Amino acid sequence: MRETRGRITVEIQGDALVIKGAIDETARLSELLDYAGGPLLALDLGGVTFINSLGVRDWIRMQSAAQARGIGLELRRVAEPLVHQLNMIVATRGTARVTSFYAPYACDACGREESRLIDAVAYARWLGNLQAPAMSCAECGRGMEFNDFPERYFSFLSV
Amino acid sequence: MGAASILIVHPDRKIQRTVHRILGGTGHGVDVADDVGQAVRLLSNLAPILVVVDGSAMASPSIEPFLAAAKVRGAEACIMLVGATQLEQAPRILSLGAVTNLLVHPMPVLGEELTITAQKLIRDDLFGAEKYLLWGTELHAATLTRASQRVQLVGELAEQLRGHGQSARVASIAMLVADELISNAVHNAPVDDRGTHYRADLARDAELALDGRHAVVVRWGCDGRYVAIEVGDAFGSLSRDRVLCSLAQSDVKDQGGGAGMGIALTYRSCDHLVFNLAPGKRTEVIALIDVRYPPTERVAASSFNVFVERER
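Listed in order, the protein sequences are those of chains A and B.
Position 78 (the first sequence) corresponds to 308 in the numbering used here; numbering is contiguous.
Position 176 (the second sequence) corresponds to 1164 in the numbering used here; numbering is contiguous.
Some hints here could point you the wrong way.
Cβ-to-Cβ under 8 Å is the rule here; a few derived chain B residues that face chain A [stated by the list, open to error]:
(1) S1155
(2) D1167
(3) R1256
Restraint ranges, calculated between C-beta atoms of paired labels, are given here [unchecked claim]:
(4) B:G1212 to A:Q297: 43 to 53 Å
(5) A:Y265 to B:P1079: 36 to 46 Å
(6) A:R355 to B:P1094: 26 to 36 Å
(7) A:R355 to B:H1185: 42 to 52 Å
(8) A:T239 to B:E1299: 49 to 59 Å
(9) A:L360 to B:T1125: 46 to 56 Å
(10) A:T239 to B:P1094: 36 to 46 Å
(11) A:E369 to B:D1000: 40 to 50 Å
(12) A:D338 to B:L1084: 37 to 47 Å
(13) B:L1084 to A:R355: 35 to 45 Å
(14) B:A992 to A:P363: 49 to 59 Å
(15) A:E369 to B:R1111: 42 to 52 Å
(16) A:P363 to B:A1197: 43 to 53 Å
(17) A:Q297 to B:G1012: 29 to 39 Å
By construction, these hints were calculated from the structure, which means they are not laboratory data.
Since this is a predicted model, take the numbers as computed values, not measurements.
Think of the CB as a built atom: it goes at the ideal place given N, C-alpha and C, for glycine as much as any other residue.
Construct the entire structure; sequences and hints are all you get.
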């Protein structure tokens, strides 16, 4: 199954609904809740490239609808543009559980910048202390630095 | 009343001197006060065109009367400097409505921001992203003549930035900023003679002709320090008060709601947001995204400026 809705594509892969593309005024996200076969719907968000203010409103409506219907949301591989919104707007978090997300890293040695996946469950204690997990540069093998403010970037995990 | 001058209110001697040196280059006399009380006393003999106030002054009960008195004495703008330890004061500063320029970055960025801000105000030469970029930086320009071109243009901007070596993080912030500013210019800027924003309630995905005055001009460029995105319209309907109100919106943080959410999101996404307003003539918004690494001068807050062109 693969569906195109406005500027996003939606596809079931394993136990998750994979969303890719740009979330804007055309996404109609609440309708995605119909894909939930039970009390939990897992969303794989690693392919989300963009979300604007109208997409944010749609996202908040989806969160509210999920709560009203008793559907728990698990957010996997949350892409940076979405993390950005989760941090800026409390309502976007709803009651969803984030299990992994992307974060910006940069290598001081070679200057490479990269979005790296962080397992929010395995690193829960680190993240709770606003510490970014250590990462190695794929290009030069040296240690990479977290490239944002931990108190800002990880704040979405504190609710 | 004395000659036009600049009044600095700051408790730290070292920063007083730094700011004095920066603003001394404007050619105007610079007066310095250690606190708001002293500034109020100085004000009776001064006619400052600018007041530059440290964020710590927000703790003074005299700050609001001082800003009001400075305005009466002819001050065109209040520039507030906010250090890293005062960032939590930003919402209160915004809620005052009297601070049109908030600068949050340490030196050397402070020097750049302060010089440009002061010179724009003094010269009343407001428009153009060039003022924020190094000399010689090329600005790409596009004019939108149909609303549907927004999506394509935003995508092209992101692709171009990625092609020029910018990270996915920078490209995604640039996309958000450009999308929100263009959307505002297309839908919220147009007003009729009665002041009705006749396109504000139209669906954002509906096709619209952007003919004549409705055309939206977008320019962008990068000088290795900042990605600058400039969006302009020919209505000039965005007011200073509306901007300050949108920047101060707290329900965006809590509920993601309210009018002006696009401006609030843009402000929270970039490092410096500039509004150049010529009422009834044109509006230009410039968003600057700091792309330097390591980000030694980046802080977890953003500067803003609201400039209003004087009536000629």
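Hints, one by one, checked against the model:
1. With its C-beta approaching chain A no nearer than about 4 Å, B:S1155 sits inside the 8 Å limit, and its interface hint holds.
2. Residue-level restraint check for B:D1167 holds (minimum Cβ-Cβ distance to chain A is 5 Å; threshold 8 Å).
3. Checking B:R1256 against chain A by beta carbon gives a least distance of about 5 Å; that is within 8 Å, so the hint holds.
4. In this structure, B:G1212 and A:Q297 meet the distance hint of 43 to 53 Å, their C-beta atoms being roughly 46 Å apart.
5. Distance hint for A:Y265 and B:P1079: a CB-CB separation of about 39 Å, consistent with the stated range 36 to 46 Å.
6. Against the hinted window of 26 to 36 Å, the Cβ-Cβ separation of A:R355 and B:P1094 comes to about 32 Å, which satisfies the hint.
7. A hinted range of 42 to 52 Å holds for the C-beta pair A:R355 and B:H1185, which are about 50 Å apart.
8. For A:T239 and B:E1299, the Cβ-Cβ distance of about 52 Å falls inside the hinted range of 49 to 59 Å, so the restraint holds.
9. The hinted window of 46 to 56 Å between A:L360 and B:T1125 is violated, with their beta carbons roughly 36 Å apart.
10. Hint check: A:T239 to B:P1094, Cβ distance near 44 Å, so the stated range 36 to 46 Å holds.
11. The beta-carbon spacing between A:E369 and B:D1000, approximately 43 Å, falls within the hinted interval of 40 to 50 Å.
12. Separated by about 40 Å at the C-beta atoms, A:D338 and B:L1084 satisfy the suggested range of 37 to 47 Å.
13. For the pair B:L1084 and A:R355, the supplied restraint of 35 to 45 Å holds, since their beta-carbon distance comes to about 41 Å.
14. Between B:A992 and A:P363 the C-beta distance comes to about 55 Å, which sits within the given range of 49 to 59 Å.
15. Between A:E369 and B:R1111 the beta carbon distance is about 46 Å. The supplied range of 42 to 52 Å therefore holds.
16. With their beta carbons about 51 Å apart, A:P363 and B:A1197 fall inside the hinted range of 43 to 53 Å.
17. Separation of A:Q297 from B:G1012 is about 58 Å and departs from the stated range, judged on CB atoms against 29 to 39 Å.
Hint compliance for this structure: hints 9 and 17 are not met, and every other hint is.
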